[in-house]
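So the sequences go chain by chain: H and V. Just add 30 to wherever you are in the first sequence, counting from 1, and you've got the working numbering. Just add 30 to wherever you are in the second sequence, counting from 1, and you've got the working numbering.
The set of hints was computed from the structure by calculation and includes no laboratory data. Given the structure is predicted, the values throughout are model-derived calculations rather than measurements. Among the hints, erroneous ones may be present.
Put simply, identical chains are the same to the list, so a pair is met inside one copy or across any two.
[What the hints assert, rightly or not] With a straight-line cut-off of 27 Å between C-alpha atoms, the simulated BS3-like cross-links for lysine-lysine are:
{"id": "1", "residue 1": "K177", "residue 2": "K49"}
{"id": "2", "residue 1": "K221", "residue 2": "K105"}
{"id": "3", "residue 1": "K105", "residue 2": "K182"}
{"id": "4", "residue 1": "K221", "residue 2": "K189"}
{"id": "5", "residue 1": "K182", "residue 2": "K112"}
Number of protein chains: 2
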Amino acid sequence: MGGCKVTIHITWHDLTIQKEDRNRLNGHRGAVVWLTGLSGSGKSTIANALDYQLYQRNIRSYVLDGDNIRHGLNKDLGFSEKDRVENIRRIGEVAKLFVDSGQIVVTAFISPFQRDRDIVRTLFSEEEFYEVYVKCPLETCEARDPKGLYEKARSGEIKQFTGIDSPYEAPEEPELVVATDKLTVEESTRKIIRYLSEREIIRL
Amino acid sequence: MGGCKVTIHITWHDLTIQKEDRNRLNGHRGAVVWLTGLSGSGKSTIANALDYQLYQRNIRSYVLDGDNIRHGLNKDLGFSEKDRVENIRRIGEVAKLFVDSGQIVVTAFISPFQRDRDIVRTLFSEEEFYEVYVKCPLETCEARDPKGLYEKARSGEIKQFTGIDSPYEAPEEPELVVATDKLTVEESTRKIIRYLSEREIIRL
């Protein structure tokens, strides 16, 4: 009975593995790093770099982004307002399953509306959900235009494109802001990792 | 260049963590153990017992079942044929994300139709998807009736209940059959774990 406190959540009558058990096995807690920002702001780049940095620290993390969601779980959804709401709802619910499984899940979606992000937030405890604003001026995002989407939006080929003819609502109270026109990818990920450490999600 | 072969999937230009990297970190591969069977056959019990046994071996696993899916991701779905198909499709897609993240995911859903299970199977490689038939005679399941659902189905309170007024299609070629009227929960999970070991998903 020294200074080491060990909580065992398993009894003979309750053989269900709980989130706390998984966190103990992993040596870190589960959480959502919800990246939000304009197209071209660097969400996917930061998400993958963060995933890489966490992996190097033996932390279980996973990225949810357009690549693995839009062509899979949400391939039945289009870009109507109803479908965009449902898109974010499902991503939130999947993120919840990943957190329950003990992982740190990094989401990289524009998720332009505060209301939708707030709904996702309600699925989690305060220590589990971190809204990170990947901040970058529209002009810079448009100059980068990594997928050529702004050009298509300007020419009218794509309608209702966030920042052009559909609004982007910047987070009102994000846990963290990462200004990608000022910080490098490495500085951005380091900032997020430091924050996760301060919140005792991970130990450095 | 001795007998130890190490594959590194990371280059300076490709900092994306791949499934193989996660498998190396975990010391096991990701896979789906897709339990299918009648209500009351013991799917959830086996799923949780299996999850417990895997956890004890430091294996990252997670259970998808009615409790965490029907009230979350799929809470917009009812029990029409269209919704039942969509229910299974989404579970398959979520399972794919979990396998991609390196975990062993155990699903516990009646999933009565071969066609729907076959569609899910196409999402995975041959080494990743294991259909396990949790086999138990209808009379035994009905006698167990852990949730009182058979009673409600017989009285007509629940319509289209699998085994009563909706068919259950037993797997045509399951990877494994677990007969829960003959095996204990411990014997059932041991059989699945042995199989996962033989298929080199895990090492015992």
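Now for the hints, and whether the structure bears them out:
no., hint, in the structure
1, K177 <-> K49, "between (38 Å within a copy, 25 Å between copies)"
2, K221 <-> K105, "neither (33 Å within a copy, 36 Å between copies)"
3, K105 <-> K182, "within (22 Å within a copy, 36 Å between copies)"
4, K221 <-> K189, "neither (35 Å within a copy, 54 Å between copies)"
5, K182 <-> K112, "within (23 Å within a copy, 36 Å between copies)"
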